[in-house]
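Student: Chains A and B are the protein sequences, given in the same order. Under the numbering used here, think of the first position of the first sequence as 1, with each following residue one higher. Under the numbering used here, think of the first position of the second sequence as 252, with each following residue one higher.
It should be emphasised that the hints constitute simulated quantities derived from the structure, not laboratory data. This one's a predicted model, so the numbers in the text were calculated from it and none came from an experiment. Hints may contain errors.
[As the list claims (entries may be wrong)] List of simulated lysine to aspartate or glutamate pairs, DMTMM-like, C-alpha gap at most 20 Å:
1) A:111 to B:431
2) A:111 to B:442
3) B:307 to B:442
[As the list claims (entries may be wrong)] Quick look at which bits of chain B chain A covers, simulated, 3 or more residues with Cβ under 8 Å:
4) 388-402
5) 431-445
All C-beta atoms, glycine included, are put in the ideal place defined by N, C-alpha and C.
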Amino acid sequence: MNDTIIGIHHLNVTHAGTPILKDVNLEIPRNRVTVILGPSGCGKTTLLKCLNRLIDIYNGLDVSGQIYLDGEEILNRRNDLTRIRQKMGLLSQRPYPLPMSIFDNVAYGLKIQGLRNRDELADRVEFYLRQVNLWEEVKDRLKSPATRLSIGQQQRLCLARGLAVEPEIILADEPTSALDPLSSTCIEEQFMKLKRDYTILIVTHIMRQARRLADHVIFIYLGEVIEQGTPTQIFDHPQHPTTKQYLRVGH
Amino acid sequence: MHRRKIIDRLISGWMAAGLFFVLMIPLAIGLGLVLKSLPILKILALPELLGGSIWKPLSGQFGFKPFILSSVYVTLISFLIAGPVCLLSAIYLTQYASRRLLSLMQPVIDILAGIPSVVYGVWGVLVIVPFVIRLAELREVAISGYCLLSGGIVLAVMSIPFILNILIEVIQAIPIELKEASLSVGASYWETIKWVLLRAGFSGIMAAFGLGISKALGETIAVLMVVGNVVQIPQSLFEAGYPLPALIANNYGEMMSIPLYDSALMFGALILFVIIVLFNGLARLAINHGERYR
């Protein structure tokens, strides 16, 4: 049960000679919530973007090292990128619904996978909208633009969009930082529900959120993994002085 | 405290005045054109003016159809060339090219935009006209080269930097997170461009095209130099045309002793004005439609 789904070995990312990530070595446990904690600008987001290779679309970044997903090397240029990306659903800081209807947002990934059958598409869209507790709120206006939804609804829609391609892993980059407390709670509840079936990797700088959600905590500071362990180890008995200081200054 | 309030009011007053001035210009121009066209509109009926194809000012015949059609054709040709070229280059420059290439292209585009139109006209005469003659020879047609196609090509080259500049800005303004969202569910680069970038940028792309076409419709000197200026309803790309701006530029100030001539030219300007207003309206509609999903 407690096996590793992602293994990161000697990951280095530099931008024009400035290191962003320094020799990161991590093992992400399967079907657990792993929280990456650290101050803004410490490389958390970059780490996530390495995992689904979104880092490719940014110019001028040098990436070295290995990332294994189910034993397959992700950073290897010859691998099928779209297949790797479909193994990971992404939830970004602010919701970015695609410029199309609510229905099409969820159906987008399915259509890309080649699903054309209308009834099946409708079934799957409903299923994933129900899974994120959005169905009741939007079932009468599936054809209206996704941008008309409230920001909390949009974030849940984005979660449904990511889940629809049946990923193994959910990457969430400060997924509640733009949301009101109610919507944040709603998203957190989704994560608690989803962790039975998915590996969840959340980047956050909110200490309380980390404590609520985490099975495993990784503390990153200035591009380096400072410390990792269970929430109890990290929050109650931090070993490293930097961690201690961050926990004291933070909430 | 009191003084600051007065300054505040004065400044907003000036702003309103500036805005009023900007709003008044098109109205004043439109009104002026209507007033100046009234003499000819009193004598000749509108359908006769717009639909007639005989242009004999000395005998009082003013048919604008050849000029209207020439303008429409030349603009259409230029758009068919410039539109795809600009859209593809903008996508390439913003999505595929290295940052260095983009920063290299920016001054090139600015220079292209800054070249005076008379220079484009000369270039058209020296390069495009002979090129079009060759092209016609391939199809075994002997022509002068001063024709709709030459006008369309020169116009296309002139509007490319203009449209391209706006398109690049439009595409760059689309948040990168949208692209990430699409890629992260497994879309390929092209699928992302097709379904997400082009949709998100739809209104901006329409605006860029609309502005480009408006500019092409009104462009005068460069077109005038290569389009042939023969009053006829052109039947093919290789025949000469006589767009409205060229008509006005060639004749205004001359032969004003002919009755109604001055009024006829003003009516020509009015047609151009109305076409551009209508066209902008259509572009605006397209923009509003596209914005539903933003």
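Student: Confirm or reject each hint.
Tutor: Checked hints:
no.	hint	in the structure
1	A:111 to B:431	holds (17 Å)
2	A:111 to B:442	holds (11 Å)
3	B:307 to B:442	violated (56 Å)
4	388-402	violated (count 0)
5	431-445	holds (count 10)
Checked against the numbered hints above, the structure breaks hints 3 and 4 and satisfies the rest.
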